[in-house]
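Novice: Chains A and B, in that order, are what the protein sequence lines are.
With my numbering applied, the first sequence has no gaps in its numbers, which climb one by one up to 379 at the end.
With my numbering applied, the second sequence has no gaps in its numbers, which climb one by one up to 1365 at the end.
Misleading hints may appear alongside valid ones.
As the list claims (entries may be wrong) - Some chain A residues close to chain B (C-beta under 7 Å, calculated; not the full set):
id	residue
1	PRO51
2	GLY54
3	GLU213
4	PRO246
5	GLY320
6	VAL365
7	PHE368
8	ALA372
As the list claims (entries may be wrong) - Computed footprint of chain A on chain B, listed as stretches where at least three residues anywhere in the stretch have a Cβ under 8 Å from a Cβ of chain A:
id	segment
9	1118–1132
10	1186–1194
11	1351–1360
Calculated from the structure, these hints are not laboratory results.
C-beta atoms are modelled at their ideal positions from N, C-alpha and C, and glycine is treated no differently.
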Amino acid sequence: MKPINPGQKKETDVYSRPVIGTTILTISILLLALSLVLAISVGAANIAFFDVWKAVFSYDGSRETDQIIMSLRLPRELGAAIVGAAFAVSGAIMQGMTRNPLADPGLLGLNAGASLGLAIAFSYFSNSSYFTLMLFSFLGAGIGAALVFGMSAMKRGGMTPLRITLAGAAVSALLSSLGEGLALINKLSQSIAFWTAGGVSGTTWGQLKLVAPTVFIGILIAIILSRGLTILSFGEEVAKGLGQKTFITKAVLMFIVLVLAGAAVSIAGAIAFVGLFIPHIVRFLVGTDYRWVIPCSAVIGSVFLVLADTAARMINPPFETPVGAIVAILGVPFFLYLARKGRAIQ
Amino acid sequence: MINSKKLRKAQMTIVIAAIALILVFVISVSTGFASLSPMRLWYTLFGQGTPREELILFTFRLPRILVTILAGMGLAISGAILQSITRNPLADPGILGINAGAGLAVVFFVMIFGGGSGSSIYFLPIFALGGGMLTAIIIYVLSYKKGEGIDPGKMLLVGVGLSAAISGAILTLASKIAREDYDFFANWMAGRIWGDDWVFVMALLPWLIILLPTIIRKSNILNTMSLNENLSIGLGVKVEKERYILLMIAVALAAASVSVSGGIAFVGLMAPHIARSLVGPRHQLFLPVAAMTGAILLLTADTIGRVILDPSGIPAGIIVSIIGAPYFMYLMSKNK
Chain A
34 MKPINPGQKK
44 ETDVYSRPVI
54 GTTILTISIL
64 LLALSLVLAI
74 SVGAANIAFF
84 DVWKAVFSYD
94 GSRETDQIIM
104 SLRLPRELGA
114 AIVGAAFAVS
124 GAIMQGMTRN
134 PLADPGLLGL
144 NAGASLGLAI
154 AFSYFSNSSY
164 FTLMLFSFLG
174 AGIGAALVFG
184 MSAMKRGGMT
194 PLRITLAGAA
204 VSALLSSLGE
214 GLALINKLSQ
224 SIAFWTAGGV
234 SGTTWGQLKL
244 VAPTVFIGIL
254 IAIILSRGLT
264 ILSFGEEVAK
274 GLGQKTFITK
284 AVLMFIVLVL
294 AGAAVSIAGA
304 IAFVGLFIPH
314 IVRFLVGTDY
324 RWVIPCSAVI
334 GSVFLVLADT
344 AARMINPPFE
354 TPVGAIVAIL
364 GVPFFLYLAR
374 KGRAIQ
Chain B
1030 MINSKKLRKA
1040 QMTIVIAAIA
1050 LILVFVISVS
1060 TGFASLSPMR
1070 LWYTLFGQGT
1080 PREELILFTF
1090 RLPRILVTIL
1100 AGMGLAISGA
1110 ILQSITRNPL
1120 ADPGILGINA
1130 GAGLAVVFFV
1140 MIFGGGSGSS
1150 IYFLPIFALG
1160 GGMLTAIIIY
1170 VLSYKKGEGI
1180 DPGKMLLVGV
1190 GLSAAISGAI
1200 LTLASKIARE
1210 DYDFFANWMA
1220 GRIWGDDWVF
1230 VMALLPWLII
1240 LLPTIIRKSN
1250 ILNTMSLNEN
1260 LSIGLGVKVE
1270 KERYILLMIA
1280 VALAAASVSV
1290 SGGIAFVGLM
1300 APHIARSLVG
1310 PRHQLFLPVA
1320 AMTGAILLLT
1330 ADTIGRVILD
1340 PSGIPAGIIV
1350 SIIGAPYFMY
1360 LMSKNK
């Protein structure tokens, strides 16, 4: 595709690489399968690759390894894959919509909002079903987003990444303070903290049954709307000039961002930075056409989080290192690189 | 030149702020667990209280209140300096990552010494101070560009990113500490004023006694710096050197305050803005008002927290955030 507006800056020129895109998508799907098998087989009890195969495809409840795999490891790793995909895609959408290279659900208050929603659910609806928890998480993410993201996306011309990032830091501080306050009043501080730090470790099949279809449908709608997202990433004026109904596209995409972030946080707690750097890597590989960026972000995000979770289990066995910490430590050099690059804060 | 009308107004503001601070002090002592009524407070202050009242006032309430006041002043001045040298009205020591750095040091401390009482607790401020200072230096180095010096906007961004990373590290370490120690740590992070002992008052006081006059003496440099960099150079200010010194003072004040008060954000953001709207942007006038405002804010927050949840209290940091974040958003929407 040719640059639509010669006056635009270089970074908004769209370029699409279908061949590379297809290759990358294929390779990363294979990688995902491989990393899932790897993740399932290593751990406190090592399991041979072949046994993993047997457990999944010819399950035998009397074998101990089959039980470990089916009740603990498989749901956990599937959870990691889904959470990774959800965070990566919501980051990609946010970056495209706001044209802000620093957009990420963790940095912009969505994750803190979702955590607050969970704290409310834990405090006042402690016997509620997992669906209710997810709903609260989703609503919380919506509050966080409305405070930070809405302010910038709906404003003509938008705000600079520096301001949005600062607003994200402030809103996160507010929402997590409210959450902490609630937890302290209800003496739940520890259980919520340990639950949040627990990452994907406690994922159950029951949770997956709800979250997997939600995330899957969300990503599917995002792919359907990805052409509109590419046009939005040129900027509001260009999009309108091309006859794009920007408000509807934005509203639907925003809703998907909330659903994805809320669902992901309800499983794994607030993990920042996955949504920041996966889309950057993907854009570097496949170009800036979101028809490729979104599916590739989903798969590569999955691979990344599955591997990060495996690393979290392997660093100091049998203790688990919170996966959010590993992701943050990997993500920060990347953030610093973006922040130092002049373009990021213009 | 400060005209006499403005000066009078500023003096009036300082007097009113002082009265307000005393009022909050009286309210703080007379509410919550182990309280003294205003009348009894008066008698006890002048040595006519019962032994029990003296114990309550001089051993429990007064040191905590003084720590809160001093920390509020330190954070407010630190925020004022940061806002002036970065020329960014949204700067705050908490947002800059100093709280996170101090928090990481506190986790290490809890892992080594445990979170309970005992004499080792007196070393905690030193740990927190070191952590906060070290983080600030790392932020400074990371946002330094050869030939260009420091871009204040980038420094804020680097701070936000680095504090997110440090929070990740904190999470990792905190999940490994014992449950009873975790409580102490969680409360520290949430900004519970924990240094309620005369030792901590003494630990914080020298920083303020030395650094506050230094800063007020540098008011004119801050005045020019907050306007325009080129203007400052034209007026003969050695921008890079002065900025470095001022930054270090701001960090020292914030880290010292946070080390005894716990992780408190937003006071450094709010107090300078309120002060500026009261007496204008001249640092000679607004720095003292900002210090008073910071003290009032933090003491009010601590009092509210104690009243809401008696006797353990909601940490002051949480109350401050609940007040401060909407204020932050208001500031964002106001300035173009």
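Novice: Decide, hint by hint, whether the structure agrees.
Specialist: Status of the hints after comparison with the structure:
1. PRO51: 34 Å, violated
2. GLY54: Constraint on GLY54(A) not satisfied, violated at 30 Å.
3. GLU213: 5 Å, holds
4. PRO246: 30 Å, violated
5. GLY320: Interface hint status for GLY320(A): violated (26 Å vs cutoff 7 Å).
6. VAL365: It holds, given that the least Cβ distance between VAL365(A) and chain B is near 4 Å, below 7 Å.
7. PHE368: Check passed: Cβ of PHE368(A) comes within 4 Å of chain B, closer than 7 Å.
8. ALA372: 4 Å, holds
9. 1118–1132: Contact hint for the segment 1118–1132 of chain B vs chain A: holds, 3 residues under 8 Å.
10. 1186–1194: holds (count 8)
11. 1351–1360: Contact hint for the segment 1351–1360 of chain B vs chain A: holds, 6 residues under 8 Å.
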